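Each chain sits in its own coordinate frame; assemble them with the hints.
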Amino acid sequence: MDTIIQQLFNAAQLGAVYALIALGYSMVYGIIRLINFAHGDIFMLGGFIGLLLTTRLGWLPFWVLMPLAMLLTALVGVAVERVAYRRLRNAQRMSVVITTLGVGIFLENLVRLTVGPETRQIPARLPSGPVVWLQQHLGAFVTWDKLWIILISLALMAVLWLVVNRTLIGTAMRAVADNKDAVPLMGVNLNLVIAVTFAIGSALAAAGGIFYGQAYSIDPYMGIDLGWKAFIAAVIGGIGSIEGAVLGSFLLAGVEVVTVAYLSSNLKNGIAFGLLILLLLVWPWGIMGRPTLKKV
Amino acid sequence: MSTAPRPDPAQPLPDTRPSRVRFWMVCAGVLALAVPLQLLVDAGLFSDVLNPYYLHVLTIIGMNIILVASLNLLNGYLGEFALGHAGFMAVGAYTAALLATRALPPASALPPVLGTVGILLVTLAGAMAAAALVGYLIGLLTFKTVGDYLAIITLGFNMIIVNAIQNIDFVGGPRGFTGIAKNTNFVAVAVCLVLTIGVLRNLVQSTFGRVWVSIRENAIAAELMGVAVARAKNRAFTIAAAFAGLAGGLWAQNQQFITPRSFDYMKTTEILVMLYLGGMASLSGSILGVVAYTLLMEVLRNLLSAFAPQLAEWRMLISPLILIVIMLTRQTGLLGNREWRWLRPRQGA
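Residue numbers (this note's numbering), protein chains in the order written: chain A, 272 to 567; chain B, 2 to 350.
In isolation and in its complexed conformation, chain B is listed as follows (with noise of 0.2 Å):
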């Protein structure tokens, strides 16, 4: 029953209340550096250091941590084994793509900064919201399994939803959904980036977070301390949800297409890769890893097609081979349950 790493029994319990201060440095640091690169790229200034592939490439990981650490939830506090991640994205990114063509204005008929500002806030809202039901449905009918059977039926869902937008003719079905607006940019990515980091990290500090590490650590036990089990589940199901939804939203306004396939059990298992490989609860793990991996794969992607171009295609054999090798030799992932100082409660106090 119990999967994520245990923490240090020695340890005394951390305080629940956090450090704010350091956290919103690094916060505000981010968003510092994030709208000068942004407005330079666009502006097309030094383009030789600053090219606008290499914001794509950041585009992509802050999309992607949040997925990672959205699925933390559930994988590493709740300690449970969803499988079905991608498809609560989907759900997002149809919903954020619909309401962006079919029911808002298009960012041309509004003014310039605010109405792309709105229009993202209404649709990430609506992304969020959709995928939320979703998840918090799936929630309850998943109340009566748990271990491998919670994971079957997470990947169940996935597929279904898959499966379901390929039957709806209205989004595309199976072809995909055509002529999204772009309007996210690395900036919006950004700022919903620093927001969910700061939302879950308040969260599985506070007295509603540990409920699920005490979950986690024995259901049993955490039953009898009169923890409604099932009730704190589904909220950590639909909260992950919403949050993969956000992502979802995100990816829908970046990458302007979508098919039901770029959702399939493919895309969960690489966000359960970069979870893994940064750690199980552990936000940080979920930061690096999704760093780590992204980062590893363009530079292979760059290395082979300069070099070994006949090669170029070998690097799909490395992402498996990663996950086998952390498996077999640091099951914890690289940061394992451990959280950089910026992300750590104060101790004691």
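With the rest of the complex left out, here is chain A (with noise of 0.2 Å):
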């Protein structure tokens, strides 16, 4: 029972990580139908802003460094999006998705050569003893930190939520989502909507690189198979939606945490992508996504 629970606390940590990252694919997705492959780059890279900012902006408290991480990243989004993608908006659709890749191993390499290719962790800055209540009651051995990252991040989903359904420029994002042609027509500034949707996303990738430095650790190249993964999560929650994304990336988290404690480690991609392809074969649009139409 007791490692039931912390397994479930495993799973819940890995896969509000997952979620954060997967929101981005999901929601660049949802409005331009592109799949950025540089976006588990992005989430990288805000992992090592954060972790630039904690050694030399120490002194800060973590409510504000990791706000200012949030930023710093959604710029950097935002520009990668300026340079490289807004040209291309018109353009086939393949020629993007191949401009993303490119951009995805530009950072990469960036990364590396800058900061170098080992392996880092972010200094602790949320609490990190163990939760006495649950250890009493349960019996379970959960750390605070844990708690926070899976809160935070619920947090964060919650906000995003608000801001897509109940503010202005969220309604704007649902318009070009549902017609990108149509919706500039009616006054409304389709670059700024991309823009706004290309900084939201970087800024939760962001958090998710955050944590997942402070929960495990980060090296230049963890943006591919974790940004696959997160990839893995939209898409089976049903990619441009946003309860699937988070759906999905609990789901894949779970499906993950079970393989390492009861398989083998080694399983673990394997087994996710087996998933991923097992899902898509039955369910072609994911848990939430909805089918589009083939026209003639």
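Treat each hint with caution, since some may be false.
Computed Cβ-Cβ distance ranges for the label pairs, DEER-style [what the hints assert, rightly or not]:
| hint | chain 1 | residue 1 | chain 2 | residue 2 | range |
| --- | --- | --- | --- | --- | --- |
| 1 | B | 267 | A | 533 | 25 to 35 Å |
| 2 | A | 390 | B | 300 | 51 to 61 Å |
| 3 | A | 390 | B | 169 | 18 to 28 Å |
| 4 | B | 262 | A | 274 | 25 to 35 Å |
| 5 | A | 534 | B | 179 | 26 to 36 Å |
| 6 | B | 312 | A | 533 | 43 to 53 Å |
| 7 | A | 529 | B | 169 | 19 to 29 Å |
| 8 | A | 334 | B | 224 | 54 to 64 Å |
| 9 | B | 312 | A | 403 | 20 to 30 Å |
| 10 | A | 455 | B | 209 | 37 to 47 Å |
| 11 | A | 403 | B | 179 | 26 to 36 Å |
| 12 | B | 224 | A | 438 | 43 to 53 Å |
| 13 | A | 394 | B | 134 | 44 to 54 Å |
| 14 | A | 434 | B | 169 | 14 to 24 Å |
So the derived list for chain A, only partly shown, Cβ under 8 Å to chain B, looks like this [stated by the list, open to error]:
| hint | residue |
| --- | --- |
| 15 | 453 |
| 16 | 531 |
| 17 | 537 |
Just so you know, the hints here were simulated from the structure itself, not pulled from any lab data. Fair warning: this is a prediction, and the values are worked out from it, not measured in the lab. Built from N, CA and C at the ideal position, the CB exists for glycine as well.
Okay, here's the thing in structure tokens:
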């Protein structure tokens, strides 16, 4: 029982990080139908910006550091969109996808060359003691930082939900997702909406990167592996849907934690991708996605 | 849906009969250069001009052209976005390595030249068959998906193949497969290259290959004209996988050491970079892309290590930058949809 609860928290923490990344994939795909392969590397960059801020500006409290890192990463995300993707918005779709691949590798190698290829850990800024209540009542050993990571992530997702569903810019984003060609005719600034989407997605990914660096470790190439996992999660949940991305992330994290706990950690990636392929074959649009109609 | 550049509609459709003579002259020329080059390097003559390093670069170029040209079938002619080519290469490489070390006698136990040729024939045939089988099965499973989802599924299979090899201790697991005999040399690669280009060229210019282009241009229209879209796609997948397997088999017996990691997502991306640098739906583009990319990387490596060794690593930034700049400025690649004369079918007639 106690180990099951512990594993549950492990899965929730991993799922929270996946969800923070998957939301960026899902939002960008929902709005401009683009698989942003560089998003995993934006997540990695967010982690490294967090590391840099924590080591250089360590006297700042965590609740200032984290938004600052998120802001900086958001700027990078918007800059990448402006420089590399905007010009290709009306080009063939695969050209943009290939460009995102290029941007991803560029970011990986850039961080590798400037920071070095070593694996690092962000100095812990969240309290790391055990949650006494859980230990006494359920016998489960869960640390406070794990709990905080899960709670802050859920709070960020709630804020995102409010932004998308209750604000003007959120309405504009949903409108663009619905019909990219008609919305500018209504006087909506398409470039602004897309830039905001990239900013929000990158900021969430940065939060994920910082949490991941605290809970596990970061290295310049982690964006490939984790980015793909989060992407799978977004696809499983139905890409383009916010609720789907969150659901898919927790589902994938659950499967992964069970695999590592009861089978073998070597099989982790194989099972994650096997699950993806299986799900796509029986459920081609994901759990919450809307099927696209083929028009003649 | 349509991803590759469209041909100029003003031009008449070329005749299906290829102009064989010019093509075979080029192929014969390549082989006529390859054999003495290999012999001279092996003998150690003119070592300052013909150093083994150049031959090594040429061998790599040859293997990469096979890879890129076969991926061109899927991404260029069929117009899909397949992201798992290194996976097929891995299947071929491991099959060839297993056949060469476990199933066949070593080359030393056989007559000198013919023995090596025999081993190569068997291992490469095995590599192609195994990769084709895997490609066929993956093709069966990916029938339902197109576009983005096909990209995801093929990438997923690439990762699964690499992950599976990592978990098989019999082939070395994550440590890699060592002790493969060096059965491949530049001549072998050149022969395979000429055959690959010959087969692919005739294939894409036949009615068989035109079907792929018709699917790329408009899958629904093609279906209405009686094209069995799923079957045609699966054929393209199988053939492309077979040639990727061939390149893998050559690779394993040239490098003599393979690890699962050398066939992961990074290798697939490298193949993609070379493909898009050269140009989609153009075999000439595949050749030019590989040559340009490989030479650029080697020249940069030498220049940087000679003049600015502290910057040598920064060449890693060049390849993604090339990809981005090409996509921003010239999306059809260097040659985009055009062919050199010796690869072109005869016009009109």
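Ascending list of hint numbers which this structure does not respect: Hints 2, 9, 11, 14, 15 and 16 are the ones this structure does not satisfy, whereas the remaining hints hold.
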